[in-house]
Every structure is written in structure tokens, then in C-alpha cells.
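Chain by chain, the residues:
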Amino acid sequence: MAGKIIADTIETGAGADISTSYVVNGSAKAFANFDGNTASLRGSFNVSSLDDDGLGLFGVNLTSSMSDGNYNLSGGTGSGDTNVHHIHFAATNLSPTTPSTSAYPVKTANAGGAGLLDSLYTMSEAHGDLA
Amino acid sequence: MSEIITDKLTGKTSAGDVTITSEGGAVTMQLQQGVAKSWAKFDNSATLADSFNISSTVDVLTGQWRFSKTNSMASTDYTVVGTNGYTISNFNTGHNTNAIESSANHTQSKFGAGWEDLVALGGYGMHNVHGDLA
Numbered sequence: 001m002a003g004k005i006i007a008d009t010i011e012t013g014a015g016a017d018i019s020t021s022y023v024v025n026g027s028a029k030a031f032a033n034f035d036g037n038t039a040s041l042r043g044s045f046n047v048s049s050l051d052d053d054g055l056g057l058f059g060v061n062l063t064s065s066m067s068d069g070n071y072n073l074s075g076g077t078g079s080g081d082t083n084v085h086h087i088h089f090a091a092t093n094l095s096p097t098t099p100s101t102s103a104y105p106v107k108t109a110n111a112g113g114a115g116l117l118d119s120l121y122t123m124s125e126a127h128g129d130l131a
Numbered sequence: 001m002s003e004i005i006t007d008k009l010t011g012k013t014s015a016g017d018v019t020i021t022s023e024g025g026a027v028t029m030q031l032q033q034g035v036a037k038s039w040a041k042f043d044n045s046a047t048l049a050d051s052f053n054i055s056s057t058v059d060v061l062t063g064q065w066r067f068s069k070t071n072s073m074a075s076t077d078y079t080v081v082g083t084n085g086y087t088i089s090n091f092n093t094g095h096n097t098n099a100i101e102s103s104a105n106h107t108q109s110k111f112g113a114g115w116e117d118l119v120a121l122g123g124y125g126m127h128n129v130h131g132d133l134a
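Going down the list, the sequences are from chains B and W.
The numbers in the numbering used here rise by one with no breaks, and the one at position 127 of the first sequence is 127.
The numbers in the numbering used here rise by one with no breaks, and the one at position 39 of the second sequence is 39.
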């Protein structure tokens, strides 16, 4: 049987202590690195599947749900070409349109406003409270 | 209130797997997976203001910086996210993806199709990395 420790604070031998709330709250609850062209995950954590909802439109489905939809998402893209791509986490043409407890939308678009594009590298991370 | 004083956490069943309970108490997750494996705040000359798990930096070309890791990632399939502030046009967030290595990653700053530096005074870039360490 694995051991279990219940503690409020972790302290290093050097005397630097940190509340375990920082460890729990500061840990990413999910991340995903995928190829937008093929909608295939390269690396991920707490991601059950990836939806390809059309050009530049994706849904990242979570294995363990968040406690609500008010979690933080950050991301970056690598276009693989000379264009700059932007990444967004809400879109009226996606389902869900905004982050939900069990999934979040990803939209990648040309930064010049020329419309949706698939990004060779599409990366996102979620921080917040798990259910 | 309880307190653990230690320099190292190691999983009992599996050394690389320490489980933590979620805020809501409904699920557990692997501590190692959620912890950022490196991060950096840097200026246009790739001088680090602060960082974690970064051994050296290179100001590669205009709007392009390289960050070598002290401890390498297990593969190149990790995430790099971040942003840049105070570029010349005050617009961009690009991340190099054509040159991700297990031991290093790049970040970029672009405006349109061209590279763009951070402004010399007060410009900064930030990024962090999640994924598996080697």
C-alpha cells in the first residue's frame, strides 16, 4: 500500500517552507501539446481526448474535471510557417463556447485577421481547482 | 497544523509518482505532472531576471532566444507557453516550435511575418514549460 501524508506545510532542509496549498494550487491541472493540422496529441496530462471541430477549432476534453469554469488557461502556438498565429480559449463556433468543468475550447487564427488556421504546434495549460 | 520538513519527495510505490488530492477532494493527481519544469523571465539580450532549470541563454537573432535546460526533458513533446511584453510594436506572442529540443527550447517574437526584438528598456519575455523530465 502506498503511503499517505497529510500536511499543511512542506519545509526543505534549508529552512525554506512553503504551504502545501501553493503546491496544490500552483500545479498545472492539465496541459496539451498537439498538431492542429492532424489534431493529434504529442504530449498531455489530464487530457482524455481532443476534438477536431474544424479549421483552427478544437476541444480539449479533461479526464478529471475542474471544480468550475473559472480556471486559468494559457497557451502558445508555433505556426510552422511565416505567419503569426494567435490562440484563444473561447469561440462562439465551438462547443463548449467557453471553458467548462470537463473541457475547454481552443481556437487558432492568423494574427493578421485573415481567419482561422491550424497551427503545427498548439500548446495550452490549465491552472485552477480540480473538482 | 502539520508540517513536513524534507529536502526530497519520492513516491513509495513508484519513485516518480507522488499523488496529491484535488482542492475539491474528488480526485487525485500526480504531483510531478503538474509542476512546471522550467520558467524564465528575460530581457532582449536573453539576460535572465529570474528563472528555474535554465542553465544558459542565447540571444539568437532578432526576436529569437534560446534557453538551455539544466535538467533535460524526456522528449520534445512538452508544452511551452508564455508571452512577451514591450516589443517595439507592442504586439506578439510567438513560440518557436521548429527547434524544440529535449535540452532546450526557443521563444520568438514576431510582428507580421518578421522577427521583432523587445524594447531595450523595460522589454521582457516570459515563458514556462510543463511536461516530463528525463
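FYI, nobody ran anything at the bench for these hints, they're computed from the structure.
Being a predicted model, the structure only gives us computed values, none of them experimental.
Take the hints with a grain of salt, since some may be wrong.
To be verified - Okay, the calculated beta carbon distance ranges per label pair:
(1) W:S56 to B:S21: 50 to 56 Å
(2) B:N110 to W:M1: 31 to 37 Å
(3) W:A74 to B:S40: 15 to 21 Å
(4) W:G16 to B:T38: 26 to 32 Å
Stated by the list, open to error - A few chain W positions that, by computed beta-carbon distances, are all more than 12 Å from chain B:
(5) E3
(6) I4
(7) S22
(8) A26
(9) K41
(10) D43
(11) V60
(12) L61
(13) T62
(14) S68
(15) M73
(16) S75
(17) H106
(18) G122
(19) N128
Backbone N, C-alpha and C define an ideal beta-carbon position, used for all residues, glycine too.
To see whether the hints hold, each was checked on the structure:
| no. | hint | verdict |
| --- | --- | --- |
| 1 | W:S56 to B:S21: 50 to 56 Å | 33 Å, violated |
| 2 | B:N110 to W:M1: 31 to 37 Å | 52 Å, violated |
| 3 | W:A74 to B:S40: 15 to 21 Å | 19 Å, holds |
| 4 | W:G16 to B:T38: 26 to 32 Å | 30 Å, holds |
| 5 | E3 | 4 Å, violated |
| 6 | I4 | 5 Å, violated |
| 7 | S22 | 3 Å, violated |
| 8 | A26 | 4 Å, violated |
| 9 | K41 | 15 Å, holds |
| 10 | D43 | 19 Å, holds |
| 11 | V60 | 15 Å, holds |
| 12 | L61 | 14 Å, holds |
| 13 | T62 | 14 Å, holds |
| 14 | S68 | 19 Å, holds |
| 15 | M73 | 9 Å, violated |
| 16 | S75 | 7 Å, violated |
| 17 | H106 | 9 Å, violated |
| 18 | G122 | 22 Å, holds |
| 19 | N128 | 8 Å, violated |
Figure legend: structure checked against the earlier numbered hints; hints not met, in rising order: 1, 2, 5, 6, 7, 8, 15, 16, 17, 19.
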